[in-house]
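Reconstruct the complex from the two isolated chains, following the hints.
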Amino acid sequence: MFASCADPSTLHGPAWLLCYLTTGAHIAFYWSFVTVLVLLVVTAPVALAFGFAGAVAARSPVWPVRILGRGYMAMVRGVPDIVFFLFFVIALDQGIEWLLHQVRCPDWTEPVRNGLEFRVCPAAKVPPGNAAQIWHQLYGFALAVFTFALVFGAFAANVLLGGMQAVPRAQLETAEAYGMTQRQVFRRILVPQMWIYALPGLSNLWLILIKATPLLFLLGVRDIVYWARELGGTKTSAYSFPHPDWRLYYFLALLVFYLCMTRVSEILLGRLTRNLSRGQATAAGEAQRKAAGGAA
Amino acid sequence: MSCWETIGDYALRSIGIGERLLPRSDFTLCQQVTLIGSGMLWNVYFGVLALAAGFFLATGLALAKAAQSRWLRKPAEWFIFVFRGSPLFIQFFLAYEIFVMLPRTGIELFGITVATSWTTKAWAGALFVLFLNTAAYSAEIFYGALQSVPKGDTEAADAYGMTGWTRFRRVLWPTMLRLAWPAYTNEAIFLFHATTLVYFSGFPAIQQKGDALYYAQYFADRTFNPFVPYPIVAGYFILLTMLLILLFGAMNRRLNRHLAPNQRPRLKLRPQLVR
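One line per chain: the protein sequences are A and B, in this order. Here the first sequence is numbered in the working numbering, starting from 95 and rising by one per residue. Here the second sequence is numbered in the working numbering, starting from -15 and rising by one per residue.
It should be emphasised that the hints constitute simulated quantities derived from the structure, not laboratory data. Mixed in with the good hints, there may be bad ones.
What the hints assert, rightly or not - Reference listing, derived: stretches of chain B covered by chain A, where coverage requires no fewer than 3 residues with Cβ under 8 Å from a Cβ of chain A:
id, stretch
1, 0 to 7
2, 53 to 65
To be verified - Within a straight-line C-alpha distance of at most 27 Å, the following computed DSSO-like cross-link-like pairs (lysine-lysine) qualify:
id, chain 1, residue 1, chain 2, residue 2
3, B, 135, A, 384
4, B, 105, B, 58
5, B, 193, B, 105
6, A, 329, B, 105
Beta carbons: idealized from backbone N, C-alpha and C, even for Gly.
Just chain B, same shape as in the assembly (with noise of 0.2 Å):
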């Protein structure tokens, strides 16, 4: 079987097209990157959905732990805490343990019965778990950015009159964007790290449509040879990586462009590790 065939066969395996049957022996490195691969189209999924929807939380979570008011303050403070505090791996499976009790013909409500079995799926479980999770870490650095604009940049935006929602919009957003953008780079980063998760913990594979480090491991398992998978994986998510910070970086450019070139902050990668 030829390479090209493989590709056909698998490529898409991990959403459910192509071969059903998974390579059972004379695995070729062919099969091992295709199928990896496609395991990655779930990694992307889950973190760009998780990213996209988590921003606008976080920023709402930043304004509201920023806020006067406790009954804003507080709730924020614990959502942060609860989600920065603990291993997200425990926050998976707590979320599932709490989709399945769900009652499985669904909730009543107004008259219309609302499905309640597709929670326990990971694409739709694990990613509202993931979008949590992003939201409290990111709404973190978004708060320690808002913390840190500039007072003339406020006190301008009071002497032209800006009140409310102009003044956050068109002052105080753009400057928290802008401050925060380099360790909310990092925390793109390492949510598609710990998209990997997904599958080792509670929500499981259905048909074998995993992502790519459950590829990764059915390999493992059956090769007894950790040493081509395992650095298959490593080596799609460096070019995640770099995908990441060069488009990171070019919306960095952009918030900064009305700064001399040598204010800009630069991207750095500090390490971070499990969440």
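The following block holds chain A by itself, in its conformation from the complex (with noise of 0.2 Å):
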């Protein structure tokens, strides 16, 4: 990166720790934290509108729709994630390529399940063989936000159906008494108010997120659990920075990293949390009322 870089066998002391620092796979090192937040960023709306649908499902008067619901929330439940996590990518992977498969290449004749081999016609890879790098990473990547929004989907799920469940049945009444329709009391009194039933919820399903986020690692993409491992083994002197195994250096900076991540969410949920309750029918936002109220 600096032009001092040149010849790292010359340099020793900080300029070598900054010119270690800076080369090409630290450089990759630094952008997959980025890949990590733009995971978080990209999951949780997309886990969060799979919640609403699978609570508003479960709530469905009609019955095929809330045990699609409802099995939906119940999937995820006593089975380690880590599983789906391994078994949603391979299953989605091949379900793609599957469909694909029997939509260009109707006339194949081959078993796709040939005893151990998985194989569909050339024009049904995903993404296709001739693809560059990057498309296999985004593909990869796009895998990953789908299973995890699934998962995390299931878990936001119930607890907005707690939330939904909470806002008081009177609420409810009054709007139904004043002559809104069922439609109109579930776009303007219901989900206006779940909101701060969820939040308890929700804060912890998003300090869980960040939690699961390593598990990218094992999904294939190049996160920042395998930077740490590939920049933190031991470099020989065949390489221009060789250094003994620094793994636990690596991992220590991750270990800070997600401990930082945490910190600052359970702040800033805080802070939403007494946002939201201002002028809510809850304890906190009464004892806001009080407070504001003061003599009054």
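This is the structure in structure tokens:
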């Protein structure tokens, strides 16, 4: 990166460290932190949307929809999450290719699952065999986001359903008495009020989502765990920056990164809870009202 | 080869008893169920021991966090924050790296050489991490319960002249456990789920002796078919979860036996995912 880094063997002390920490691989390592943040930022709203759909489905008066919603929520409980992460990525990958195979190669005669092999026609490969490396990475990342969103969506559905059920019945009945339709009650009364009841659960879920991001490594994405292992491993003098096994320090850096993420999230979520409590018919809202009202 | 032979060969494969070579081709359903079930032995081993040992450390940590003295409170708070605030996955990696850095030949202590090589093995190293991890999570639960012990209970204890250890053992501790039990049940379930992470982190499986998920992945990798082994793991874990709920439910009934039936808290499974 810097001109002075051209010949690392002549460097020592801080200059060596500066050059070492700005090698191409390290820049990739720093970018992988961005990957994790992008995953969080993309996954959270998608999972929330999945969860919202699941919660609405679980409350539906139509029983097949209700069963679907409840089944989705029950799916993830009782089974270790990591099983889902390992399962869904392969299952999704194969499912997509199988569907494309049916559409693009209808006259393909060989069986797709032949003994130990899963073989689809070349046109059905996702991404195409000749695609650039970046597309393979993006596809892997998209699969990861989808898997995370699916699993966390089930948990969000549970939390949101609880939030919806916690909205006082009187609020909804009042709205009905004003002549609102079910749809209007849902949109104007239920949804705006449910967030404060769902927030503790959702905050917890966000903290858990942060702590789940190292599983990206298992999904084959080059994330921070991958780079920490790569960069930290012993480098012999064949490399330009030889060093002993430094994985401990790299993992310590990851630990600190996650602890900071947790702490910052806790502070921000605490602030959000205070803001959302304003004017709500909850204990926290009541306390705020008393504090603001003062003598009145 | 009949299924009974397979069970004879592989039922204890995960602890090194039976056939040495894992099946390499013509995988049968029986082989998958047997081997993955054999791997469950490790999940149960990690879960039971970590939970049992973690329970006591958690009680101590919860008391320390609730203590007046900051010399007790601060370390407990930090311990709980570090283990609850970081992913278990990273904790496993980090612990493994620390254990690897211990001198191979052992540490000289008062003239006695303490061997260190066993700490890098999953059975000890991963168990240690799980123990600390569950202690931190349980401590937070116990701390919350300790804070919500009804004032009347402690006042009654004071009125009877109970102090110190007697007061803790006869009043605070049973009430704390009673209040914490539903949440602690969840913690136990998710600790068992977390044991599947062991062989995916720093700790290597030696001679292919792994846990349930390790064998499931072995089969999924070789058959390119995730639709058989992973549902088997899921099935085993659902069974294990139901067994846990049964055991913890019985304990919950015992802890609440003095209450009127309609006042007893019910065990409710709350979702929690990765640690």
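Against the structure, the hints come out as follows:
1. 0 to 7: violated (count 0)
2. 53 to 65: violated (count 1)
3. B:135 - A:384: holds, 25 Å
4. B:105 - B:58: Measuring from Cα to Cα gives roughly 32 Å; hence the hint is violated.
5. B:193 - B:105: holds, 11 Å
6. A:329 - B:105: holds, 24 Å
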